[in-house]
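Engineer: Heads up: the sequence lines are chains Y and H, in that order. For what it's worth, this note's numbering labels the leading residue of the first sequence as 1, then goes sequentially. For what it's worth, this note's numbering labels the leading residue of the second sequence as 1, then goes sequentially.
Please note: incorrect hints may appear among the correct ones.
Copies of the same chain are indistinguishable here, so a pair counts whether it falls within one copy or spans any two.
[To be verified] Derived pair list, reagent style DMTMM-like, types lysine to aspartate or glutamate, alpha-carbon separation capped at 20 Å:
| id | residue 1 | residue 2 |
| --- | --- | --- |
| 1 | 87 | 17 |
| 2 | 78 | 97 |
| 3 | 19 | 32 |
| 4 | 87 | 48 |
| 5 | 78 | 51 |
| 6 | 78 | 94 |
| 7 | 87 | 32 |
| 8 | 87 | 58 |
Everything labelled a hint here was simulated from the structure, so no lab data went into it.
Protein chains: 2
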Amino acid sequence: MFVDLGAESLFSAEKGERKIAVEIKSFVSASDLTDLHNAVGQYTFYHDVMEQIQPGRELYLAVRSITYTTIFQDSFGKLMLDNNRLKLLVFNADTEEIVRWLP
Amino acid sequence: MFVDLGAESLFSAEKGERKIAVEIKSFVSASDLTDLHNAVGQYTFYHDVMEQIQPGRELYLAVRSITYTTIFQDSFGKLMLDNNRLKLLVFNADTEEIVRWLP
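So that you can see chain Y by itself, here it is in the shape it has in the complex (with noise of 0.2 Å):
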């Protein structure tokens, strides 16, 4: 556990040569628009305690391929993703492999 501030799951890895922490995030309450506030208001607090701790590490929420269709590719979530709010790491639940990186 890389910084335990009441996260879900936190944790560092390494990107290639980068070094980043991510952030697993579930998107369980009843309304979609409070999953979005509630995840950008986590990654930016995460990120900027990170940043002050180990400056340089990047921070990805990871979310799952549901998620990102049904969240961030539409209208709000895609506005957060466009005005840079979060980083986001897309993973296949069932397969538990890395879909993809954004960005």
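With the hints as your guide, set chain H onto chain Y.
Structural biologist: Same frame as chain Y, but now just chain H:
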């Protein structure tokens, strides 16, 4: 109501000659950290959405004095303010007066 996207309360206002929007935010969860995540997430989300609709209008998050003291004068809340993650309007809940604008 200026825009309703699930905000607890969001309305437009004027501050001198500047057009602003104010979102009133209650801090009610069991965890200050969760409240802080949610506040940053909601602020960022509405900021970005509002920028699409009315560019140039500034968004302020309205919080009680006690919330300012306990959350935003503490380390993590202070970090969010220092990093310009949100703008605050602090009000006295008893007198209903505005105490300060940050920034």
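Engineer: Would you mind marking each hint as holding or not holding in the structure?
Structural biologist: Status of each hint after checking the structure:
1. When the C-alpha separation of residue 87 and residue 17 is checked against a cutoff of 20 Å, the pair qualifies only within one copy, where the shortest distance is 17 Å, while the shortest distance between copies is 37 Å.
2. Within a single copy, residue 78 and residue 97 get their C-alpha atoms no closer than 23 Å, and across copies no closer than 38 Å, so neither meets the 20 Å cut-off.
3. Neither within a single protomer nor between protomers do residue 19 and residue 32 lie at most 20 Å apart by alpha-carbon distance, with minima of 30 Å and 29 Å respectively.
4. Taking CA atoms no more than 20 Å apart as the test, residue 87 paired with residue 48 passes in both settings, with 13 Å inside one copy and 16 Å between copies.
5. Taking the closest pair of Cα atoms, residue 78 and residue 51 come within 20 Å of each other only across two copies (15 Å); inside a single copy the shortest separation is 25 Å, beyond that limit.
6. Taking the shortest Cα distances, residue 78 and residue 94 never come within 20 Å of each other, neither inside one copy (24 Å) nor across copies (40 Å).
7. For the identical chains of this complex, residue 87 and residue 32 are intra-copy neighbours only, at 18 Å inside a copy versus 25 Å across copies, given an alpha-carbon limit of 20 Å.
8. In the homo-oligomer, the alpha carbons of residue 87 and residue 58 lie at most 20 Å apart inside one protomer (9 Å), although the nearest pairing across protomers, at 25 Å, exceeds that limit.
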